Amino acid sequence: MTRTNLMARNTDMRWRLPLVCLLWEVAMIILFGVFVRFKPEADAAGWAEEKKRKNITSDAENDFYFRYPSFQDVHVMIFVGFGFLMTFLQRYGFGAVGFNFLLAAFGIQWALLMQGWLHTFENGKILIGIESLIGADFCVGSVCIAFGAILGKVSPVQLLIMTLFQVTLFSVNEYILLDLLHVKDAGGSMTIHTFGAYFGLTVTAILYRPNLDQTKDKQGSVYHSDLFSMIGTLFLWIFWPSFNSAISNHGDAQHRAAINTYCSLAACVLTTVAFSSALEKKGRLNMVHIQNATLAGGVAVGTSAEMMLTPYGSLIVGFICGIVSTLGFVFATPFLESKLRIQDTCGIHNLHAMPGLIGGIVGAVTAAAATEEIYGPEGLISAFDFSGTYAYRNPSVQGEFQAAGIAVSLGMALIGGAIVGFLLKLPFFGDPTDENCFDDDVYWEVLEDEESSLYSMQDSNGKSPTSS
Amino acid sequence: MTRTNLMARNTDMRWRLPLVCLLWEVAMIILFGVFVRFKPEADAAGWAEEKKRKNITSDAENDFYFRYPSFQDVHVMIFVGFGFLMTFLQRYGFGAVGFNFLLAAFGIQWALLMQGWLHTFENGKILIGIESLIGADFCVGSVCIAFGAILGKVSPVQLLIMTLFQVTLFSVNEYILLDLLHVKDAGGSMTIHTFGAYFGLTVTAILYRPNLDQTKDKQGSVYHSDLFSMIGTLFLWIFWPSFNSAISNHGDAQHRAAINTYCSLAACVLTTVAFSSALEKKGRLNMVHIQNATLAGGVAVGTSAEMMLTPYGSLIVGFICGIVSTLGFVFATPFLESKLRIQDTCGIHNLHAMPGLIGGIVGAVTAAAATEEIYGPEGLISAFDFSGTYAYRNPSVQGEFQAAGIAVSLGMALIGGAIVGFLLKLPFFGDPTDENCFDDDVYWEVLEDEESSLYSMQDSNGKSPTSS
Amino acid sequence: MTRTNLMARNTDMRWRLPLVCLLWEVAMIILFGVFVRFKPEADAAGWAEEKKRKNITSDAENDFYFRYPSFQDVHVMIFVGFGFLMTFLQRYGFGAVGFNFLLAAFGIQWALLMQGWLHTFENGKILIGIESLIGADFCVGSVCIAFGAILGKVSPVQLLIMTLFQVTLFSVNEYILLDLLHVKDAGGSMTIHTFGAYFGLTVTAILYRPNLDQTKDKQGSVYHSDLFSMIGTLFLWIFWPSFNSAISNHGDAQHRAAINTYCSLAACVLTTVAFSSALEKKGRLNMVHIQNATLAGGVAVGTSAEMMLTPYGSLIVGFICGIVSTLGFVFATPFLESKLRIQDTCGIHNLHAMPGLIGGIVGAVTAAAATEEIYGPEGLISAFDFSGTYAYRNPSVQGEFQAAGIAVSLGMALIGGAIVGFLLKLPFFGDPTDENCFDDDVYWEVLEDEESSLYSMQDSNGKSPTSS
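Protein chains in written order, with the numbering used here: chain A, 5 to 472; chain B, 5 to 472; chain C, 5 to 472.
Treat the hints as calculated values from the structure; they're not laboratory data. From a predicted model like this one, the values you see are computed outputs, not experimental measurements. It cannot be assumed that every hint is accurate.
Given that identical chains are not distinguished, each listed pair holds provided it fits within a single copy or across any two copies.
[Stated by the list, open to error] Below, a list of computed lysine-lysine pairs in the BS3-like style, where the Cα atoms sit at most 27 Å apart:
#1 K429 with K220
#2 K429 with K285
#3 K429 with K286
#4 K222 with K286
Here chain A stands alone, though its shape is the one from the complex:
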């Protein structure tokens, strides 16, 4: 077996990976110790006081009960959804699910700090509650997306470094959008998908590997790996209504966001199947499309789901995105790879980048089209938070700011991705050689002959009973 030899010393993680993990975790502990405390709603003394102060009689008013079920669904999406979606590669299942686990576990800690400093920093402390956990998961979602573009081509140390920077930039971008531009983006079409996808695409463009096609066979799936991947797809698809409604306002907004997302996703499946069949020879369906493009409808209502998009509008968005995304896999991905040198392992351009942009646009249009007639006078104010400094705004102004949010997210992603991409090219992060890409052997203990030994009971010389 020459495979082992090909892994030159540079991919040995023995000192680098432990060092980075421990250093950063120690930093997290110190920073959490200095900054992070519970919100009153999660604090033993605080909740009792808050109940008195606000004259609350029931624990059911604690934000925990409005958001916890959605939080757990989102948590499943980040760790099982994204993790298993990426197991489609025949020899990279451990890396897909394992590295996703690693980067997300690190990222959520750093996100709690970054988002805390920028959003809930009071008297020198970050106060966290259930909404903070959802926010951290969302932030990490954008890193999982970017991971999809570079899947199989980077070392875990590179991933952790990218996570550190991407979470930082995500939080800054989110701050600009939500706080400075006062934009609505509850399901993150702009902040999560557009930002995450273009960030990842820029990174992979800079990490371009010209000789990667010699591992073409490893870039494909096998029968079972496609089924593992469907576990990821389905949990993402099923829980997407929770994703888009998790941090919306209590009551009608959460309710509506779930319904809109449900409708958009359903329509998206139909057009994905239609175009997958139409574009493949003999009209057969392609698992890559089913695994990915069916989810584009959830991405594309990320901004507008909590608005009065209506079920009908949601169906239209899903309808379009299933088509756009499937066309993307058939035409855009090969084009990006051959002409623009963008090697996008999972096709995040089709699942997150384009649908994310569409989602931003749909959100801007839906916001601009809002009227008092549809939302009611109070409803309009609470839906878009036209109060305080923003009392002057009207829907059409809001629509313009929403559109600006798209541009900002895109710009931050391209610039940030370029910087991080060049950083990751530094030669001491242990990235794999071209031959070792898409292969778990480099960073994981994998028994050589395990699969073949499964049922044939080979002896240790590799001779099977039947071949002898």
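Given the coordinates of chain A, work out where chains B and C should sit on it, guided by the hints.
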């Protein structure tokens, strides 16, 4: 490889499948545009008004928070549960999980319309909320059940056509039961399981293929496919308490339905194991029984779980159904196939048909046995909705109507299934030849040698290093 | 194939397994009939009365809505989480997921009775509600843990007998801790993990098999089985916040428990990866560590998560436990096997025993460190229930009782495990021979050549196209 040649032109989906998908999705968009709007509880203006009108002070009173967690569990059951349960076939995993995804995504849209027209049609509009989504998922559940009978033997176009008709008939049958007969059936023993299963069995009887035993090897499972199938089984089993309690009355009824279902399912596992071991040679357990018969206890308390069935009564129902269902797999399925020409791929007769009938009967008996002593005077009225036009009813009358509901469901299923079965025999829907049944190759892009290439690194000529 | 011959008559389950299952299920039915009734909150008459009596205006106050989402998450952990975690063995996937299913389904029924008699027995009746279901799942969790130590080495009859006794002892131990010592242990570091793990380790020590290393190949994993196992890992990891918060007080306590667990688990992943990489040759990661040690952080905050551990404290606990657990897999497990004759199939010593002890200690220290300043005067009383008979207690006394709870759990586990271990050595329970350990063939119908036939289309004589 001659496999490819066997797929004659008739299975080419290239124009038919896209056409059907697009046509129907466009129809959905138009119909949703004309008819579907948000319920007040999901509407920006509506919820504010409703809170004022009903003097509601807390958003926690929004129906969303009473039902959303259960909805998401049901959603998992329909897409992951049913989808993966059917992946047990060794070469039909894509079809199982992919076609289930397709038909459910289409079905829920059509179900929102059909159930809306029949149940929540007001002033020319269908008002949808979280309960509508659960209802749509339930309706589609009955199609997933029927799909189990014809799994591997139909084209996706046939499935979409069956879905259209079955959802329609389901909604009519449900309307007759719930609105005309005023029957209780929160977990759908009658409307979902009895109807869905006998519908599917009738369809498969009409689509009888006499020469199917030549693909006997493909109708079996392999080690890994059985494990994939257990993913489906376990998520169905775990979330069944949510299924049976999802649309029950708030408060004690939802609480009770979850407990009863939990108990019934637990008992069912024990008797399934007992009979599986007793009926197989050397006392070994059969995965088919564990995958399926363990769920019969959930089916059989579908009608009665929200009633005062008691934990003790639930155990008895589960006890019986584990036995009936396992016996069904050992004796009924071969009998149905050889004598009645009913080829039931997944054994839905044993998991849904018989337990569904038992569930209807248990529901009728439990309803008839209700007393004011057990339910309290108000409790009895609210449990069975003995108000308005139905104020005259007493438990024993209710029991009779419940029994009538079983008969109606059965009749609708047999007649509807026969009509749809003959419809599906029309020669232009692209159904597979006998040789192509249970094989993903027909409708999916599957690499020829993928599995064998997994670890043996074969070159493209098919020669492996060891065989050369 | 001589494998079949090796299965001597003693492993034939044909009469024993059905007999045990049926006998015990009948006993359950009788005992439930005599003892088990619904709590008022799940009772048709009871909830109406309770609402009047307590002047409750909203059904949202029903305990069901505070705990049901967490219950379902815990349910997933017990059946999918533990079940799939143990599928890592290459030839024991059916046994892992199937026997876990069987023992848990039986155990929850017996636990409802045992815990009911000891905790909620009133006027000769056990009144059950949603919290009882969570309690039963918790109790069975400790059996699933112990199962991990003896995985692959026992018959299903032995497992059912162990379950009966372990559930009994668990309930007694829990009664001593929660009722007599008045100890807090909402996430069960002591009652579930310490007790369950040392119980299982004692049982496996007594069932020591000196010649087990001849099946060394079967004790390993294969590529796909490791991915199945990751399904279990991730669902356990994701839902652990629900586990530790499921039975905490409404409001801030549940909220806080979820946040603390989230933080601890995140930190644990980082140190697990660090030490896994540092301890393996070439710095590669070991799937066994990722599958197990990443969860230790959840175990170790089981007692203290609902206390004011703070996010910062949680990170420290997770940090330490990732290290301890990974070191355990590398050093302790081989030592236990070679020196102490403890054959611990899944390494529960590292995932549950040590982290459980740490969790007990952290809980004792956190309780002892509680102050009125941190919890508020009312908060301190409600957090530790310093009322009634226990009004005299202060945090430092509470800390001492907590510490006593660890010792009691450990003692009960060792003594109980020893008794049950010797009981299981009785010769008529059908345990497998050494050659048959870790092999599904003994207790499950497994087709001989199934895997190899998957894509090579062998004919029925076993000749494959390539070998002929």
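Hints and how they fare:
no.	hint	in the structure
1	K429 with K220	within (23 Å within a copy, 43 Å between copies)
2	K429 with K285	between (40 Å within a copy, 25 Å between copies)
3	K429 with K286	between (43 Å within a copy, 22 Å between copies)
4	K222 with K286	both (25 Å within a copy, 23 Å between copies)
The structure agrees with every numbered hint stated previously.
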